[in-house]
Each structure stands twice: as structure tokens, then as C-alpha cells.
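Let the hints inform the model, and build the full structure from the sequences given.
Top to bottom, those sequences are chains A and B.
Counting in the working numbering, the first sequence runs from 1 upward without gaps.
Counting in the working numbering, the second sequence runs from 1 upward without gaps.
Hints are computed from structural coordinates only; laboratory data are not their basis.
In this text, a Cβ means the ideal position worked out from N, Cα and C, and glycines have one as well.
A couple of the hints might just be wrong.
Said to hold, decoys possible - Partial list, derived from the structure: chain B residues whose beta carbon lies under 10 Å from chain A:
#1 Ile19
#2 Pro143
#3 Phe145
#4 Leu147
#5 Leu149
#6 Ile152
#7 Ala164
#8 Val257
#9 Leu272
#10 Ile276
#11 Ser277
What the hints assert, rightly or not - If the Cβ cut is set under 8 Å, some of the chain B residues that face chain A in the computed set are:
#12 Ser141
#13 Val288
#14 Ile291
#15 Ala292
#16 Val296
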Amino acid sequence: MFWLKINMSPIAEVPSAEDLDSGVLGHVQIATVWRRFARDRAALVGATIILFTFGIAVFAPSLSPADPLYQKAGDRLKFIGAVNHPLGTDTLGRDILSRLLYGSRTALRVAIIPVLFSAVFGLLFGLVAGYWGGFLDALIMRIADVMFAFPAVLLAIAIVAALGPSQFNAIFALTVVFIPAFARLVRSQVLGLREQDFVMAARAVGASDSRIIFHHIFINTLPTCIVFATLQTGQMIVFAAAFSFLGLGVQPPTPDWGAMANDGRNCLLIAPWVSTIPGLAIFAVSTGFNLLGDGLRDALDPRLKI
Amino acid sequence: MLVYITHRCAALIPVLVGISVVVFSLLQLVPGDPALAMLGPMARQEDLVQLRVSLGLDQPKPVQYLKWLINVLHGDFGISIQQRSPVFPIVMERFVNTLLLTVAAIVVSIVVGVPAGMVAATRRHSIIDRVSMMLALFGNSMPAFWLGLMSILVFSLYLQWLPASGMWSISGPRTFTSLVEHILLPAVTLGVGAASVTARITRSSVLEVIENDYVRTAHAKGLGENRVIRRHVLSNALLPVLTVVGVQFGFLLGSAVITETVFSWPGLGFLLYNAISMRDYPVVQGGVLVIATSFVLINLLVDLTYSWIDPRITFK
Chain A
1 MFWLKINMSP IAEVPSAEDL DSGVLGHVQI ATVWRRFARD RAALVGATII LFTFGIAVFA
61 PSLSPADPLY QKAGDRLKFI GAVNHPLGTD TLGRDILSRL LYGSRTALRV AIIPVLFSAV
121 FGLLFGLVAG YWGGFLDALI MRIADVMFAF PAVLLAIAIV AALGPSQFNA IFALTVVFIP
181 AFARLVRSQV LGLREQDFVM AARAVGASDS RIIFHHIFIN TLPTCIVFAT LQTGQMIVFA
241 AAFSFLGLGV QPPTPDWGAM ANDGRNCLLI APWVSTIPGL AIFAVSTGFN LLGDGLRDAL
301 DPRLKI
Chain B
1 MLVYITHRCA ALIPVLVGIS VVVFSLLQLV PGDPALAMLG PMARQEDLVQ LRVSLGLDQP
61 KPVQYLKWLI NVLHGDFGIS IQQRSPVFPI VMERFVNTLL LTVAAIVVSI VVGVPAGMVA
121 ATRRHSIIDR VSMMLALFGN SMPAFWLGLM SILVFSLYLQ WLPASGMWSI SGPRTFTSLV
181 EHILLPAVTL GVGAASVTAR ITRSSVLEVI ENDYVRTAHA KGLGENRVIR RHVLSNALLP
241 VLTVVGVQFG FLLGSAVITE TVFSWPGLGF LLYNAISMRD YPVVQGGVLV IATSFVLINL
301 LVDLTYSWID PRITFK
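Shown next as C-alpha cells:
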């Protein structure tokens, strides 16, 4: 009875009434998502790269063979594989491996903080605009329209140019310019969810606005937001590195991959590894987040178009 | 159609006003006294006073904004602190070069991305599909400045095939060949990320169109694969691609700052980079304003083209 088997299997995955009432993704749903995710080899590779990078960032002090800031004129531009310097040294004689390991901290910080903050503010504005509509919606969306009129990277650069180059200002600028994208995404989700039967049902039993927003709408925008935020982090790693490359982000001598790539510009021919190695690191971590984001999208909701 | 164009143009006005407010506010973001920030701590008192007056900093903010806006509308973007000449001609001269580079990058994006996406979609799950989507993923994760450095290393320094910087040879005539040689590396560097997005969009768009009944009908009535793809699939699948390419145009105008800096391309991005390090705020404002305005106009153009190609779209 083959057909019976096919018909039976989905029943086991239907969430119980309790799962639905709690409004939170039930354990059955999480298990389904996890099963889909675990089958996706590309996504697992992405997750591994990111976990590895986080591991490096946490254990940088114990992994580094040298002080990332220690300069030694006699050790300038040592080739890969030199004694005590497995990845060589840079123009100031600093150990590249140590700078690379410590640089992972900067890379993750400058990429993840803007994404987190723009997600929080974007969610807030998107929920308000989508749920209540009216004047607030119009106001928020018109401001978003104006910000969308600027290429995001350019607007961030202009803001940092005015405020002065620093890590804090770079994080601030990157946060600000990515809020509208989140807000617009959440708003469009809310507009769809607002009309769903379960929201009407909640309203019919007398649920308050805040209860509907947090227990029914917010929770349902989360999968999309998680996917978008993960993909955005992949882009942000590259943007943040570009900022440091242009001298607008993290300031020397803090180890940063973008700044390290910039350091190697003037000795590209005689010491190509100085620029190549940090660039590969940025590339790898960005690829990791993109793979993870694609995998999460396919696991959480394959119909999503992000 | 005329109604649609009028509506779209009218909708542009508040956005343009918004842009001008943001660009004007950039100067307000400068911590402390902008005049002091521009001229440095060694500046003479009378120079500072003169600059404050010429920037209008001694007046209330709304008056400052209106005066600035009126000047901008007359093509007066102020005086460059560094070059001591009007900003507008400097910005426009550089803008043409940036536009050239961006168009070249868009060409790269289309020429590489559309065929790659097409082939990937028509041979779904094949090796070609997997390889091209893998390359698209890599292209999307690649830092442009690093790709630029690597291409300089390989093609300019090692192989010595192409020049590493500038737009023309320092000596020698300004020929078309010389321009092509100079633009190739920056255009590819700038266009790779866009090409990977184009490839992904083309693939998903073609996959969607292929499912349609009219494609099955075309197959059923005995049309060859090539003809079905060309006449029935491609013409419908390219609509979303057009929108994405329009958005990319603006994105590339913005990211040109990075590519132009790597290749010393004499465009607006490189000018902005130098202006930022010199704290030449009028140039920064002028450059950002020109890019944002052209971004909006390009998007309008794309929307209009879209509705011209697909008459089902009307203004709601």
C-alpha cells in the first residue's frame, strides 16, 4: 500500500494545537527545517566556514604565533613559510597569520553589528508601517524611498566622510543605510500576514494589537528576516572590508582584512601574499554566509524570493 | 502611456527634494565647525570667516538649505576647497568617465550573466548549471577591490597584457584601442558581482517561464528548441532581468568609488575618494548629489522601458 505510506508521512509533521497556539515555531517544525538543512551539503559547508571563523575569532590570542601589532624592521616582507611566520610578514614586519587571526574579530564585528541593528530597526519600522498603515506608513516609506535613491555603499561612504573615518562611524553608517531594505521587506510581509485568517481569528477572540503583532505577525516574519540577515552579512563582510580598504573604517594599527589588503597594494609585485591572503579570507567568510543564507532559505521556506 | 509617464515623473519630485535634503545635511553631520575641518587648525581667522560666509554657515539652517538648493538648481555646487575652482564642471567631467566605466560593467554583467543563466536554466541540474551557479556565488562573495588587485597582479604585472591604471596612456594618442585596453580590467572587476546576480535572476526567471503553457504549446507544435528559447522564453524571461540591471546601474555607480580607487580611473568615485581624504566637502556633496540624481533618473528610464516592453503594466 504505497499510497498510504505517502499519505501517512505528512501527518506526523502536522504541528499540534499547542504548537500553533504558542505561536512559536514548534519543535516538529524545527525538526523539519533541520532535516532539510542537514541534507543541504552547500549550506553545511557554509555553516562550517562560519563556525570555524567564530572559533578563530574567540581563540585568536591562543592561536596566534606572535603579537599582531609587533613590528620588526628586519623581518619586513618575509615570504610565506618563513621561520616563525607561516604566512609571511607585511610591509612593517608584522606577522600576517597573527593579523589574519585577530582580523577575524574585526571582520565579524563590523559585519554582524550593522546587520543586527538594521534588522532590529527595520523590523520595528516595518511592523509599524505594515500593521497600522496610514500616516506613519506613508512617512516611513517616503523616507525609505529617499534613502533608496542613493546607492547604499555611496551613502554610507558619504556619511563616514562627514562624521570622520573610524570603526564606530563605519558601523553606524552601514547600519543606517541598510535599515530601509529591512523595513521594506518586513512591511511587505506584514501586509500579507495582516489579512490572514489566523490574524482575524486572533482579533475575533479579543487579542490586543501588541499580542497580534508579537505572537502572530512578528514570529511569522522571522524566517524571512533570518534568511535576509544571513545573506546581508555575507555582503556586509565585503562592504566593511572595502571601507577599511579605502581607509574609512577600522583605523591602523588594528588588524583588519580590508586594511591588510590595502597595505599590500604598493608591494604587489614583490610581495603579492600581503594582499592576497586577507582577500582570500574575506572571500571565504562571505561565501560561507551566502551559502548558509541560501541553505536557510531553502530549508525555512523554499518559495521565498530573496 | 502618457498618463503613466506623467505620474512617474511627478512621483520623482518628492524623492529629488529628499535627496537634496540628505546631501545638504551631510555638511551638518560634520562634527564641530565645517570650515575649521576643511581648512585645518592652522587656518587664518579671516580665511575661516570668509569660508563660513561663502558656505552660508552664518545663517539659519532653513535659509542655508534654500540658498544652497537655488544655487544647485543653477548649476552652482560651490567652490572646491582643494582645487579652488567651481565644483560643477569638475564633477561633470569626472561623471562622464564614471558613466563610461559603469556602462562597460553593465555590458560585462549582461554579456556574461544572461547566457550563463540561460544555459544553467535550460540544462537544469547538469554540471553546467552547477558550475555556473557556483561561479555566480563566488562572484557575489568576491570583494571587488581584491579582485581588482589580483587582476592587476596577473594581467598587468606578471603577464603585462593590460595597463594597471588610468584611462589613457600617459604618452601616445587617445585612441579607442587605448581606452578599451584601460577600461577592460576595471569594467570586469566592477561587473563581476553584477554578472553573478544577473545570472541567478536570469536562471530563476527562465525556469519560471519554461513552466508556462505557451512554452509547452510551442514545443508541441514542433518548434525547435532554439526557436522556443529565443522567441517564447527569452523575450518573457528578460523582463525581470531588465529591472535588476536597472538597479545594478545605480549600485555600480556607488561601488565605482572602490574600483576607481584601485585602478586610479579618473571618475567621480576616485574624485570622491580624494575629496574625502582632503575634507573637500563641496566636492563630496556635488559628487553624491550627481550620482543619486542620475540613479533616480536611470530607474525612471528602466520603469518606462519596462512598461513600453510590457504594455500590461500601468500606473495604479
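Going through the hints against the structure:
For B/Ile19, the shortest C-beta to C-beta distance to chain A is roughly 5 Å, which falls under 10 Å, so the interface hint holds. For B/Pro143, the shortest C-beta to C-beta distance to chain A is roughly 5 Å, which falls under 10 Å, so the interface hint holds. Evaluation of the B/Phe145 hint against chain A yields a held restraint, the C-beta minimum of about 5 Å falling below 10 Å. For B/Leu147, the interface hint holds, the least distance from its beta-carbon to any beta-carbon of chain A being 8 Å, beneath 10 Å.
For B/Leu149, the interface hint holds, the least distance from its beta-carbon to any beta-carbon of chain A being 5 Å, beneath 10 Å. The beta carbon of B/Ile152 is positioned within 10 Å of a beta carbon in chain A (closest approach about 7 Å), and the interface hint is therefore held. For B/Ala164, the suggested interface contact is upheld, since its CB lies about 9 Å from the closest CB of chain A, less than 10 Å. Contact between B/Val257 and chain A, as hinted, is supported at the beta carbon level, the nearest pair being about 6 Å apart and thus within 10 Å.
Annotation: interface hint on B/Leu272 holds; nearest CB of chain A at approximately 7 Å, less than 10 Å. Contact between B/Ile276 and chain A, as hinted, is supported at the beta carbon level, the nearest pair being about 4 Å apart and thus within 10 Å. Interface hint at B/Ser277: satisfied, since its Cβ lies 7 Å from the closest Cβ of chain A, which is below the 10 Å cut-off. Nearest Cβ of chain A to the Cβ of B/Ser141: about 4 Å, under the 8 Å cut. The hint holds.
Because the closest C-beta pair between B/Val288 and chain A is about 5 Å apart, less than 8 Å, the hint holds. The interface hint given for B/Ile291 is met, as the beta carbon of that residue sits about 6 Å from the closest beta carbon of chain A, less than 8 Å. About 5 Å separates the beta-carbon of B/Ala292 from the nearest beta-carbon of chain A, less than 8 Å, and the hint is met. Because the smallest distance between the Cβ of B/Val296 and any Cβ of chain A comes to about 5 Å, under 8 Å, the interface hint for this residue holds.
Consistency with the previously given hints is maintained throughout, with no hint failing.
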